[in-house]
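Listed here are the chains, written in short residue letters.
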Amino acid sequence: MVTSAYKAEEEIMAIPIHWWPHRFQWLERFREATEIAPLWHYFINSALFSITHVIATVFFGAMAGFGFAKYDFPGRSFLFFLVICTLMIPFQILVVPLFIEIKALGWENSYPGLIMPGLMNAFGVFMMRQHASDLPNELLEAGRVDGAGEFHMFMRIVLPLLAPALASLAIIVFIWSWGAFLWPLVVIQDRDLNVLSVGLTNYSQPYQRPPMWGAAMAASTVATIPIACLFVAFQRYFIKGLTAAAVKG
Amino acid sequence: MPAAPRRGWVATWFSGPRRHQWWGLAFVLPVVVFFAVFSVFPVLFGFAISLTDYSLLDPPEFVGLDNYRNLLGDKLFITALGNTLLFVLGATVPVWAMSLTSAVLFDQAFRGKLWLKTIFFLPVLPPIVVVGVVWRMLLHPNGVMTAFVGLFNGATEVPWLASTVLAPLAMVAVHDWSVVPFFMMIWLAGLAGVSPELREAARIDGATAWRVFWHIDLPALRATAVFVAALSSINAFQTFALQYVMTADPGGPANSTLVLGLLVLKYGFQYFRMGDAAAVSVVMFVMILSVTAVQLRFNRRG
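Taken in order, these protein sequences are the chains called B and E. Heads up: the first sequence begins at 63 in our numbering, then just goes up one per residue. Heads up: the second sequence begins at 123 in our numbering, then just goes up one per residue.
Isolated chain E, as found in the complex (with noise of 0.2 Å):
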């Protein structure tokens, strides 16, 4: 009995009618390989790095978790873990409020309101950098701000970025400034979806305009906030820029703003201690893994 011509998968890939799908594999490979040089070996490269002292110039010595005991009892260390958690904190819950109540005001129909709206956009656009140097010099002891300031408590100098109190304060103030409208575009996309007729109905059942938009638009915006809350979180723990530009030393006064963020620069690019500046971002990706995680979770759950 002749047997059947039997074509292992190999041959059907390669000269079946399937031929073509290879062009698929040609069609994403310079993407995979980009991404296997400058993404996946980078990560797992970074790991055996926090494994080792390493200073650019010997090469790296195997110290094992060392780095990572001695970040324990490093007060810098435990300093900008603290710091970066507080202006989280800030850059995370005072943005929500804000941006979901410019986003529902932005939400009803009023005259100009695509003025204001395109005027309320505007610190997006500017980049971080610059946002931090024009604030830098409104934040001047004797400028702008202060003699707004002046204008209620007849203050003539405020230390804004030399004071260990306000400088940490003002970090949170620009940065919130800078992400709100970002955000509230992002909730106002998520309104546009909730269903008019819906609302319609409820407020001719006589609801209020605030139960309205409790029953009604909050539970539809669930997705758009667990995202919100999502990124807002992740941007806030990889703060940096802002600091770096406005405050002296960069991370002063007394390491009041010296975040992980800036941490990892100063090992690495000022000390020259790699092992531990890879340990320090180690940390810092676990923290946003742990963010990512919780997101998915409630994404799941939605």
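In isolation and in its complexed conformation, chain B is listed as follows (with noise of 0.2 Å):
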């Protein structure tokens, strides 16, 4: 895939296979992808919707798991009852109810409506509740008689002490938001609003011209760079995120 980014559009398909570019085309294929369409909306719209969710998922998931983990006020195991609850949802159930929801909400085709139902999910609560039962209670007891408020002891204890977690649940959080498809696809008809999973899929198959694969496979690259470079970065949080991803969830 990387290598026929920078091939002429004949070699792609040559059989024998140039594992190489015989004519290596630097930034050609690059650009035929965003005259074809979009690309760099593309890109931005799906770095703003990952990137929106991981904030949002790890704030706020770190939050409710210390809530759960750390605090007995009534309500608490019903309340986590429903959140586990939510995990066991599949998303395609939600698909129409949502679409009509956000449609009345007058949400449909734009970022709110993107972004929005995905800016939590129950298994970072899940996930963050399980490191947060870890932490010592004297510390936070601690934290109490120095006279610290709760919400101050959060953002200044619990959160460092839960950073390597964080991290796996970041990165867990931005694999899934950038390949999502079935949402965007749903709720968003502007093009330039897409984000590049459904933007790719007008290179594959375009309208009323035969598939350009120069195109979609310099596209391709540009979608799969990132997830790339957090692996090659992250490497050892990424298989210990996933791995957990699974194994708890």
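Everything labelled a hint here was simulated from the structure, so no lab data went into it. This list has only true hints and no planted wrong ones.
Derived DSS-like pairs: lysine-lysine, alpha-carbon spacing no greater than 27 Å straight-line: (1) E/Lys388 x B/Lys165; (2) E/Lys388 x E/Lys197; (3) B/Lys302 x E/Lys235; (4) E/Lys239 x B/Lys302.
Calculated from the model, a selection of chain B residues having no Cβ within reach of chain E, i.e. all distances over 10 Å: (5) Glu94; (6) His103; (7) Arg218; (8) Pro226.
All C-beta atoms, glycine included, are put in the ideal place defined by N, C-alpha and C.
Each of the two chains sits in its own frame; use the hints to bring them together as a complex.
Structure follows, in structure tokens:
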């Protein structure tokens, strides 16, 4: 895929396979990709979509996880049960009613409509609760004796201690959101508002013209780079995060 | 006799020494409100819609269980149900076998293992749509896969995605290709938990590698196995992105790759038959929940 992004169109399908482009076309395919569809819009939308999800899930997930793990308030078990139940709801069940709901809110085909439904996820809460319960209670008691407010303690003591778990969660959420396809496909009609995964289909099934594989491969490369970078940079958290997502989810 | 100051539980909660516990509720509130609005409500709403005829234009009309009754006689639904079940079959048993085998191989010590493992893991990285687009190119009738097969049987053109037999198989193959490394990592995490002393002891007692695997590793992998089985089938029931990206129409040729996930999209967002779409998703929900129920039973017994 990556090498095809630098090949001339007729070389891509050449048999025998050209493992390395004979005529190396440095940015041709990428230029082509941006001409067929607003590739950079897609990229920016995907980045906005995923980064908002990461920040919101990590912050609110840690907060709720901490709340469920270290406080005893009426209704705690019931509310936690409710959150866990939402883990079992596959997104496909939500698509139709959620679309109607978002439409009623006037958010279809807009950033809020695109971003809101995935802003938090139950898995994050669940994972953070596990990690927050491992924190020593004495730490919180000591903070209280020192007169620290609860929210202040969360920000200054709990969040830093949860940092490694937060990093794993952030990576998982980024991968999920970056690859999200169903919801953006349904809620966005305006092509400038779309995310990369939906935008990619413009290259492989372009309207009224044959597929342009060079451009498709260039766009696919663009869609894979962020995750590949994460993988290279945080390999440890990456695999740990993914397996944690699996084993605990 | 002066009554001792009686404080109700409300007062205790608000002003007693446990006052700070209320912060917990404040901390969980954003998440709870969010799930109420964007998960719990839509699920209930979805059930409600499935009992109506609703086209988004006119107000919904209550029709009771008619949508479900119609599905029973709906050829498209029956086809999609069959295709989904076949896909689930292809995306479970072979995936378990391949991922467990590769995990056991990667659990051995050999040279270049880390590199090989990293390369093997690569298919997990690209988003599913990228996987679909790239495989659509590789499976071009005169493309790379045809050239590869041609080495053996001299074929020059294979209608991978245009044949009603090959296209569904291709969906399963590409899906399996993209998920096997992921499940391998999970098996590996499970294998890491098997006590090395136990294995060593068995080996000293003269057990063959196969017997060690069968009697020591496999029983210890029970929880992992239940998990892999459940997750792989739950994912498979929801499949639609590969079909959407790779097949003509999408779901073609001749509806041979039409799965329930695509049918929801088709009814809901192509025909605007929201009631039927919601009914199909409720059916999917029930199937997925039954997988979860089986998983929980197995977990409890373990």
